[in-house]
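Asker: Chain by chain, the residues run as shown.
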Amino acid sequence: MPHIPLPGHLPGITGLLEYSKDTAHPIRVLTQFLLRGKNSLTEGERELIATVVSHYNECKFCTAAHTAIADVLLGETETCELVKKDIDTAPISEKMKALLKIAVMVQVSGRAVTPEAITVAKKSGATDIEIHDTVLIAALFCLYNRYVDGMATVAPADPQFYLGLGQRLKEYGYNRLPNGYDHLKN
Amino acid sequence: MAHITLPDESLPGIVGLFNFRPETAEPLQLLAETLLRGDSPLTSGERELIAAYVSHLNNCHFCHTSHASAAMAHLDCDLSLIDDIKNGFQQIEISPKLRALLNIAAKVQKSGREVHAEDIAAAKAEGAADKEIHDTVLIAAAFCMFNRYVDGLGTWAPKEHEAYREMGQRMAFTGYVRFSVPQD
Numbered sequence: 653m654p655h656i657p658l659p660g661h662l663p664g665i666t667g668l669l670e671y672s673k674d675t676a677h678p679i680r681v682l683t684q685f686l687l688r689g690k691n692s693l694t695e696g697e698r699e700l701i702a703t704v705v706s707h708y709n710e711c712k713f714c715t716a717a718h719t720a721i722a723d724v725l726l727g728e729t730e731t732c733e734l735v736k737k738d739i740d741t742a743p744i745s746e747k748m749k750a751l752l753k754i755a756v757m758v759q760v761s762g763r764a765v766t767p768e769a770i771t772v773a774k775k776s777g778a779t780d781i782e783i784h785d786t787v788l789i790a791a792l793f794c795l796y797n798r799y800v801d802g803m804a805t806v807a808p809a810d811p812q813f814y815l816g817l818g819q820r821l822k823e824y825g826y827n828r829l830p831n832g833y834d835h836l837k838n
Numbered sequence: 278m279a280h281i282t283l284p285d286e287s288l289p290g291i292v293g294l295f296n297f298r299p300e301t302a303e304p305l306q307l308l309a310e311t312l313l314r315g316d317s318p319l320t321s322g323e324r325e326l327i328a329a330y331v332s333h334l335n336n337c338h339f340c341h342t343s344h345a346s347a348a349m350a351h352l353d354c355d356l357s358l359i360d361d362i363k364n365g366f367q368q369i370e371i372s373p374k375l376r377a378l379l380n381i382a383a384k385v386q387k388s389g390r391e392v393h394a395e396d397i398a399a400a401k402a403e404g405a406a407d408k409e410i411h412d413t414v415l416i417a418a419a420f421c422m423f424n425r426y427v428d429g430l431g432t433w434a435p436k437e438h439e440a441y442r443e444m445g446q447r448m449a450f451t452g453y454v455r456f457s458v459p460q461d
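Chains as they are written, first to last, in the numbering used here: chain A, 653 to 838; chain B, 278 to 461.
Calculated directly from the structure, the hints in this document are not laboratory data. Among the hints, erroneous ones may be present.
Said to hold, decoys possible - Partner residues are not named here, just some residues of chain A that face chain B (Cβ under 8 Å, in silico):
1. Pro678
2. Asn691
3. Leu821
Said to hold, decoys possible - Within a straight-line C-alpha distance of at most 25 Å, the following computed BS3-like cross-link-like pairs (lysine-lysine) qualify:
4. Lys737/A - Lys673/A
5. Lys387/B - Lys753/A
6. Lys749/A - Lys712/A
7. Lys837/A - Lys408/B
8. Lys753/A - Lys712/A
9. Lys736/A - Lys775/A
10. Lys775/A - Lys753/A
11. Lys408/B - Lys387/B
12. Lys712/A - Lys384/B
13. Lys736/A - Lys822/A
14. Lys673/A - Lys822/A
15. Lys436/B - Lys673/A
16. Lys737/A - Lys749/A
17. Lys736/A - Lys774/A
18. Lys408/B - Lys736/A
19. Lys374/B - Lys384/B
20. Lys384/B - Lys408/B
21. Lys387/B - Lys401/B
22. Lys673/A - Lys408/B
23. Lys690/A - Lys737/A
24. Lys837/A - Lys822/A
25. Lys408/B - Lys436/B
26. Lys387/B - Lys737/A
27. Lys712/A - Lys387/B
Note that beta-carbon positions come from the ideal geometry of N, C-alpha and C, so glycine has one too.
If we strip away everything but chain B, and leave its shape as in the complex, we get (with noise of 0.2 Å):
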């Protein structure tokens, strides 16, 4: 049970928090919209890899398995794969430039001071240029935001990552903008 009474505890994560304040839920969708399908020279399935990284760093099992499905979505993987983000991508196949951002992400979630000159030094060798660097520094600091908002308040989680299937399809193809009241 969430930390607060929610008006429907059936919602899992993030959605039942959308519902509780819909005054936050609006900027926090366009937030999410925009960094994960809005311009960008890194495309959504990066994106959602990096969201998808930062989350289970943040070990937050909502955020992690819900964009990590998105990631697949957007990749055309088998939903098996979600588990390859927690190893470190051994299997998913990734660019040097795409690994060389993770490692910048992976930096700013555990603090902005962590990110020095030669991470970014080594991003730029693999071709990343300042607006992916910008977009990945945001993305990985936003999710530090969305973890701790969804575990901060005791959300519930689903445990399969089959339960996220139609949620990551539904987050990669419809987008983020009042998906999350769904309807009976």
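Next comes chain A alone, as it looks inside the complex (with noise of 0.2 Å):
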């Protein structure tokens, strides 16, 4: 149960910006930029970096969330799967794991990160805004990973709602839904 009354249709995350908007718009608006604006990772590749920060800071709702809709941008179940059990031997580019391994850096600390990991990363042919951008999904997702388990956020057991919500996402992405989520009430 959460720690204050959220409204009770929406699980997760959607019911803490649904209870508060104000914050919510700021934190939507950086999110909808990060993993859908234009960039030279793709979507499926900035999905990847937020479920692996999800899944090391262990928020089932985070996790089980951007796993479903890294899937659905994938075409395919197995990668998500693989990176979360071994960065190092994912079917993925040098490229990506160099990126993903600098996430995981950062969701321990952003002191943890070294300059050999950067150094990798750059020889891969990371450039200094795929850099960037993947330091701050990790550290927007250490946000996001507290904001749910710290107000002690329902996920749901049913594999049937992530499937679902990964399917929103792909269709309107981070923003709020134009008329609300009312009609998710039953």
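Could you fit the two chains together into a complex? Lean on the hints.
Answerer: Shown next, in the form of structure tokens:
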């Protein structure tokens, strides 16, 4: 049960974003740009960063939600599972391996990011903007994961819920739905 | 030197990063403005103390000292009291309610999963309302982002408290939106 009363039909982050719309707005704008804006990293690659950080923060809701949307964007379910298990052996580019390792360092602390990890990323072709965005996406999910779990929001057990959420995120991105969320009440 | 090439290496901490990526600077500044100066049952001074305390726990010198300086500006305290934040508030007068909220913020800094029902009950027993608990958790979570952003990209930070005096006053009284790119 959440630590404060939240709309029962909106588990996880959505109920919090509806509870506090004025703080939700810049968080939504930031997320929409970082994960859906114009970028040399694909949307699927950026969702892998979000998923890995949520996984290491042990945030069940965010991990399940971003696994679902990563799977939709990548068109298969294997890569995301393998990335969560072991970045080194996952079927992704050397550049993505290097960026995901930086993200995992950021999950621990900003100060845990080593110059060596940055050098490896640059040698594998990562640009300054890609490194910047990787660090900021990882940092943003350290916010989301703490917000979602620190308020003890509900993470639905039904996998169907996350498949539906993944589809909604693919269609609408991270902006607030134009007509709100009342249609999800039943 | 930062891990990436910034257009103006003389700008410290997050200010240099704002300058590098205006697309993310805008929502980040608006988030800081809303969290620390927007509507809340907590005063801006209280909220800056939470931000400065979490930044200290994350060992982020730039965010800690700049937000501590903003807190001192709001509370009309001398910059020498900044160290008291690191020492767990022995000199700065804080209410039992704020102390309970700072305890929640410290749990959030470790992990969202560290916040337990008894931490919330303790804050409510001191009179904390739902919105105050919400704002505390979100400020703490947001500084776990800001701190990682600033340190994860290896930005530089002035060492002495004095270097943050004006910055803190600007953050407290002018605000966070577009204060970041100083004009010569």
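Asker: For the pair supplied as a hint, Lys837/A and Lys822/A, is the alpha-carbon distance within the 25 Å limit?
Answerer: holds, 21 Å
Asker: Is the Cα-Cα distance between Lys374/B and Lys384/B 25 Å or less?
Answerer: holds, 16 Å
Asker: Assess, step by step, whether the Cα of Lys387/B is no farther than 25 Å from the Cα of Lys401/B, and give holds or violated.
Answerer: holds, 21 Å
Asker: Holds or violated: is there a CB of chain B closer than 8 Å to the CB of Asn691/A?
Answerer: With Cβ-Cβ at 10 Å, over 8 Å, it is violated.
Asker: Against chain B, is Pro678/A within 8 Å by beta-carbon distance?
Answerer: Cβ of Pro678/A sits 4 Å from chain B, so the hint holds.
Asker: Min Cβ distance, Leu821/A to chain B: is it shorter than 8 Å?
Answerer: violated, 18 Å
Asker: Measure nothing beyond the straight line between the CA atoms of Lys737/A and Lys749/A; if it is 25 Å or shorter, mark the hint as holding.
Answerer: holds, 13 Å
Asker: Given the hint that Lys673/A pairs with Lys408/B, does the C-alpha gap stay at or below 25 Å?
Answerer: The given pair, whose Cα atoms are some 12 Å apart, holds under the 25 Å limit.
Asker: Take a quick look at whether Lys384/B and Lys408/B sit within 25 Å of each other, Cα to Cα.
Answerer: Within the cut-off at roughly 18 Å; holds.
Asker: Does Lys384/B sit within 25 Å of Lys712/A, going by the straight-line distance between their CA atoms?
Answerer: Given that 25 Å is the threshold and the Cα spacing comes to 18 Å, the pair holds.
Asker: Run the distance test for Lys387/B versus Lys753/A: straight-line Cα separation, threshold 25 Å.
Answerer: holds, 20 Å
Asker: Is the Cα-Cα distance between Lys712/A and Lys387/B 25 Å or less?
Answerer: holds, 17 Å
Hint violations for this structure: numbers 2, 3, 4, 15, 18, 23, 25, all remaining hints satisfied.
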